[in-house]
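Assemble the complex: chain A is given as a structure, and chain B must be docked to it using the hints.
There are 2 protein chains.
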Amino acid sequence: MPEATQPAPDAEHRPTLDALQALVGEDLKEVNRLIVERMASPVVLIPQLAGHIVAGGGKRLRPLLTLACARLCGYTEKRHIALAASVEFIHTATLLHDDVVDESELRRGLASANTLWGNKASVLVGDFLFSRSFELMVEAGSLKVLEILAQASSVIAQGEVMQLSISNDTATGEDAYLEVVRSKTARLFAAACRISAVVAGRPEAEELALDSYGTDLGVAFQLVDDVLDYSANQRELGKTVGDDFREGKITLPVIVANARGDGAEKAFWRRTLEDLDQREGDLDEALRLMARHRALDEAMAHARCYAERARQALRPFPESPVKAALLEVADFCVERAY
Amino acid sequence: MPEATQPAPDAEHRPTLDALQALVGEDLKEVNRLIVERMASPVVLIPQLAGHIVAGGGKRLRPLLTLACARLCGYTEKRHIALAASVEFIHTATLLHDDVVDESELRRGLASANTLWGNKASVLVGDFLFSRSFELMVEAGSLKVLEILAQASSVIAQGEVMQLSISNDTATGEDAYLEVVRSKTARLFAAACRISAVVAGRPEAEELALDSYGTDLGVAFQLVDDVLDYSANQRELGKTVGDDFREGKITLPVIVANARGDGAEKAFWRRTLEDLDQREGDLDEALRLMARHRALDEAMAHARCYAERARQALRPFPESPVKAALLEVADFCVERAY
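Sequence order for the protein chains is A and B. Counted from 1, the first sequence has number 195 at position 168 by this note's numbering; the numbering is strictly sequential. Counted from 1, the second sequence has number 118 at position 91 by this note's numbering; the numbering is strictly sequential.
Incorrect hints may appear among the rest.
For identical chains, the list gives no copy identity; a pair is met inside one copy or between any two copies.
As the list claims (entries may be wrong) - Pairs of lysine to aspartate or glutamate residues, derived as EDC-like cross-links and limited to a Cα-Cα distance of at most 20 Å, are as follows:
(1) Lys147 with Asp129
(2) Lys147 with Asp125
(3) Lys147 with Glu130
(4) Lys171 with Asp129
(5) Lys276 with Asp129
(6) Lys147 with Asp196
(7) Lys171 with Asp311
(8) Lys171 with Glu346
(9) Lys293 with Glu130
(10) Lys56 with Asp270
(11) Lys276 with Asp125
(12) Lys56 with Glu362
(13) Lys293 with Asp309
(14) Lys147 with Asp271
(15) Lys147 with Asp270
(16) Lys147 with Glu301
(17) Lys147 with Asp358
(18) Lys147 with Asp302
Source of the hints: derived by calculation from the structure; they are not laboratory data. These numbers come from a predicted model, not from an experiment.
Only chain A is shown next, with the shape it has when bound in the complex (with noise of 0.2 Å):
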C-alpha cells in the first residue's frame, strides 16, 4: 500500500488469524478430514483436482468464522464440523466456477485447476463439490440451516452474474459493485457466521448479529481483495498483480479513480477496460492514476468503515477470548493489506 494515508500498525501489533485458530484448531482439523473424506470418489479425477484447491493453501477463513460462532454461541455438540465443511466446499466450488469465467491462470500462487485441467474438469468438479456441501449441510439436519445456506447460495450465483452483466462497463456506480460484493462474497460470510446460531439454537437477535458480523466482514474482505490486485504486496500472496485490471473488471479503486479522472484519464479505462484495448505500460499508468486520486485509500478507508461495522456487531456478546478473536479477524481482513 505505497499511498496509504495510516501507517501500517507495528509488526508486533498486526492481527493475524492466530489466536481464532488456536481456539478452533480441534475442530479445524475435524472439518479438514471430513473435507478430505468427503473429496473422495472412485472418479479419480475428481480427488485429483478438487486436492489440487482444497490442499492448495486458502486461510479456510470461513469454516473458521462457522466454528469461531459456534464457541461464542456456547455450542458443545458436534453439527457446526460438517456445517463447516460444507461451508468451505460452497468456496470451493465457486472459486473452481470462477477461475474458469475469469480465465485465470493462477490460483493462490498455483496453476489454476483450469490451466492443469481445462475448463469442463473445473466446471463439473465444481459442480460436484458444490454437491457434496449440500450432502453434508443435510446431514446437520436443520431445516432452518438448510434453508439459509439454499438462500445464500441462489444469492451468490446471482451475484456472480451480476458481476458478468456489470464487467468491463466503465459506467458501474459504487453502489452496484458493493450489491456485487455484498451478494457473491459477503453472503456466504454471513451464513457462515449465522448458521452456528442457529444449530446452537441462540435467539433469533444473536443470528441476525452474526449475520450482519459476517455481511460486513465480508465486505470488507473484498474490498482489500480487490485493492491487493493493484498492490505491490500482491506478489506475496501469490496472485499476480493487474488480474483484474487485465480482465477489465470493475472494482472500487477503478470506479473512484474513474470518477475523479477528468476526460482523457476516462477515456484511458474506457480504452483499457471496456475495449480490454490494453498497451505495454497500461498497467503502470493505471497504477499512477489510482495514486493521484487516492483511489486504494479511499477504497480501504470503505473497508475499515465496514471492518468497525462488523466489529460492532458483535457487541451483544459478552467478552472471552473466542469474542476477541473474532474481533482480531476484522481488523485482519483489512490489516492484512500492508
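Frame of chain A, contents of chain B only:
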C-alpha cells in the same frame, strides 16, 4: 432406425406421453408457473438465459414423473409441485453445464445458451438454477427428500466427470458406459420418482420400487438418446446427426461396432474418436460400420430390456389409469426412436 430388427409399431398404437400429460396436466401447469416465478431475478441476464432453456421446449419428462408417481402413491397435498419444479431446475442446470462442456451449438433445435450468451453466463446461470432447485426442495420441508436429492446431485456430477474421463477412449467397455448412464441420467429419473413416495409417506418397498422404475427408465431413455444421435430421425428432434461422433463421445453404438470390428475398423474408431482426426465422409463410414455390425439394433435391444424392467418395477402397484400411463412412458422412451 433403418436397421431395426423389429418393425416400427403401428402409428396408431405408438406410445405417447399424452395419457400422462392429461392425468397430471393441472399439476404441471402449477409446476410451470412456479418455474417461471423462480427463474425471476433483478439480474436480467438470468431470466433471459434461463427462460431460453426452460421455455425452449423439452418434454418436462422428469417433473411429469414426480407428479405421476405422487398420484400413483395417492398423495393429495401440494409438496410434489415444488419438488417437480426442483427436479426440472436440476435438469436444466445440468443441460447448461453440459452444453458448455460439450461445446454444443444447438439444444432442442435452438441455438444453445452458450452460443448466444457465452460459456461464462451459462456456467453461472446453471449455478443459479441449481441453487434455486435447492431452495425449492428445502421449501418442501422433508429432510429425507433432501437427502435423496443431495445424493442424486453428487452422483450426477460424478457421472458427468466420469463421462469426461472416458471421453475419446475407445477402450471404454459397456460396463463403464452403463455406469456413466446410471449416474448422469438415470439417477435423476430415480430420485424424481422416489421422492413422491417419500412425501406421500408410503412404505419403503414402494419407495424402492419407484426408484427402480426411474433408474431403468432413465437408462432406457439415455440408450435411445445415444442411438438417436446416429439416426436420421434425429433431425426431427431438432438436433444435428453425429454430434456425439464429432465430439468423440463413446456411447453404446460405438462400443458395439468397435468391439465387433476388425483391425482396420478399430483403427478408424481410434483415429476419428480418440485423435479426433475426422475427414469428409467419416460420419457416413461410422454409420456404415454400425449398420454392418447391427450396433444400433443391439443398443435398442438393451434399451427395450431396461424399459421392460422399468415396467416390471411397477408390479407392486394396483392397476390404475396413472399406472397405465407410467407403463406407457416406458414404451414411449424406447419407441420415440421410430
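Hint-by-hint comparison with the structure:
For the identical chains of this complex, Lys147 and Asp129 are neighbours both inside a copy (14 Å) and across copies (8 Å), given an alpha-carbon limit of 20 Å. Taking the shortest Cα distances, Lys147 and Asp125 sit within 20 Å of each other both inside one copy (13 Å) and across copies (9 Å). When the C-alpha separation of Lys147 and Glu130 is checked against a cutoff of 20 Å, the pair qualifies both within a copy, at 12 Å, and between copies, at 10 Å. In this assembly of identical chains, the alpha carbons of Lys171 and Asp129 never lie at most 20 Å apart, being 33 Å within a copy and 37 Å across copies at closest.
In the homo-oligomer, the alpha carbons of Lys276 and Asp129 lie at most 20 Å apart inside one protomer (9 Å), although the nearest pairing across protomers, at 28 Å, exceeds that limit. With identical chains, the CA atoms of Lys147 and Asp196 are at most 20 Å apart between copies only, with a shortest distance of 16 Å across copies and 28 Å within one. Within a single copy, Lys171 and Asp311 get their C-alpha atoms no closer than 49 Å, and across copies no closer than 57 Å, so neither meets the 20 Å cut-off. In this assembly of identical chains, Lys171 and Glu346 lie within 20 Å of each other by CA distance neither inside one copy nor across copies; the values are 28 Å within and 40 Å between.
In this homomeric assembly, Lys293 and Glu130 never come within 20 Å of each other (Cα to Cα): the closest approach is 26 Å inside a single copy and 37 Å across copies. Neither within a single protomer nor between protomers do Lys56 and Asp270 lie at most 20 Å apart by alpha-carbon distance, with minima of 33 Å and 47 Å respectively. In the homo-oligomer, the alpha carbons of Lys276 and Asp125 lie at most 20 Å apart inside one protomer (13 Å), although the nearest pairing across protomers, at 27 Å, exceeds that limit. Within a single copy, Lys56 and Glu362 get their C-alpha atoms no closer than 26 Å, and across copies no closer than 54 Å, so neither meets the 20 Å cut-off.
Only within a single protomer do Lys293 and Asp309 lie at most 20 Å apart by alpha-carbon distance; the minimum there is 13 Å, versus 54 Å between protomers. Proximity of Lys147 to Asp271 under the C-alpha cut-off of 20 Å is restricted to the inter-copy arrangement: shortest distance 16 Å between copies versus 23 Å within a copy. In this assembly of identical chains, the alpha carbons of Lys147 and Asp270 lie at most 20 Å apart only when taken from different copies (17 Å versus 22 Å within one copy). Taking CA atoms no more than 20 Å apart as the test, Lys147 paired with Glu301 passes between copies only; the shortest distance there is 17 Å, against 27 Å inside one copy.
In this assembly of identical chains, Lys147 and Asp358 lie within 20 Å of each other by CA distance neither inside one copy nor across copies; the values are 38 Å within and 34 Å between. For the homomeric pair Lys147 and Asp302, the shortest alpha-carbon distance between copies (18 Å) is at most 20 Å, but the shortest distance inside one copy (27 Å) is not.
Of the numbered hints listed earlier, those contradicted by the structure are 4, 7, 8, 9, 10, 12 and 17.
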